[in-house]
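Participant: Sequence:
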Amino acid sequence: MHAPDTALVLFSGGQDSTTCLAWALQRYARVETIGFDYGQRHAIELEVRPAVLEKMRALSPEWNARLGEDHMIDLSLIARISDTALTSNVEIAMQADGLPNTFVPGRNLLFMTVAATVAYRRGLNVLVGGMCETDFSGYPDCRDDTMKALQVALNLGMATRLKVETPLMWIDKKQTWELAEQAGGQALVDLVRFETHTCYLGERGARHDWGYGCGTCPACALRARGYEQFAAEKAARGE
35 MHAPDTALVL FSGGQDSTTC LAWALQRYAR VETIGFDYGQ RHAIELEVRP AVLEKMRALS
95 PEWNARLGED HMIDLSLIAR ISDTALTSNV EIAMQADGLP NTFVPGRNLL FMTVAATVAY
155 RRGLNVLVGG MCETDFSGYP DCRDDTMKAL QVALNLGMAT RLKVETPLMW IDKKQTWELA
215 EQAGGQALVD LVRFETHTCY LGERGARHDW GYGCGTCPAC ALRARGYEQF AAEKAARGE
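The sequence shown begins at 35 in the numbering used here and counts up by one.
Keep in mind that a hint or two might mislead.
[Claimed, not checked] Derived DSS-like pairs (lysine-lysine); straight-line CA-CA distance at most 30 Å: (1) Lys208 x Lys89; (2) Lys208 x Lys197; (3) Lys182 x Lys197; (4) Lys197 x Lys268; (5) Lys182 x Lys268; (6) Lys268 x Lys89; (7) Lys208 x Lys182.
No lab work stands behind these hints, which were simulated from the structure alone.
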């Protein structure tokens, strides 16, 4: 039996999933989180997850009351069956098919299937993911059509009524920063800047205005550009 107003957020410890978690905490009475260890090169994201969750709790008594159990799932099989720049120490580059070699085939399909299984067991009726096809690298498993098809397949396969929510699907990175500010004010913006991790290379040494990272990989480039646009608009308003 699924309880009303409950959600499971796919939470990596990055900018997008942290913003989605705040979005969910505004809307659902009980929110749980799920993360995946898939042999990712940027495993630092797994290390920052607990601190991000604790600081999310500290931002709001209401959020603290709503935020429930965190689930960590071992999906290391992904690294064993794929050869990508996210799971191997190779240079990031474009492939002949037009996709960067950071694309991990089937990753989000597995994530959503495992998340749906956990949600089914925990009685949670909404899956929340940070997939986006506005500012993205062209990954087919981040597209709206994919998420809609998955929702249908998961519900057919489990005879349930799970809903898949993707609050970032049609917004760019600047708007993702704005969404964080709307949800939790400057405190959440700063948490996203300095506690979350996005860099594909796992770099956490250099601190920039937009947070930590190498500054050159596709993930850093998108995050930095979005923050620069967000900050420039705030400055123009005198904020």
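Participant: Each of the hints needs a verdict: does it hold here or not?
Facilitator: A quick look at each hint next to the structure:
1. Lys208 x Lys89: Distance of about 23 Å is within 30 Å: holds.
2. Lys208 x Lys197: This hinted pair holds, its Cα atoms lying about 26 Å apart.
3. Lys182 x Lys197: Judged against 30 Å, a Cα distance of about 9 Å means the pair holds.
4. Lys197 x Lys268: violated, 35 Å
5. Lys182 x Lys268: Not satisfied, since the Cα-Cα distance of roughly 35 Å exceeds 30 Å.
6. Lys268 x Lys89: Since the Cα atoms of Lys268 and Lys89 sit roughly 24 Å apart, the hinted pair holds (cutoff 30 Å).
7. Lys208 x Lys182: Holds, at roughly 25 Å.
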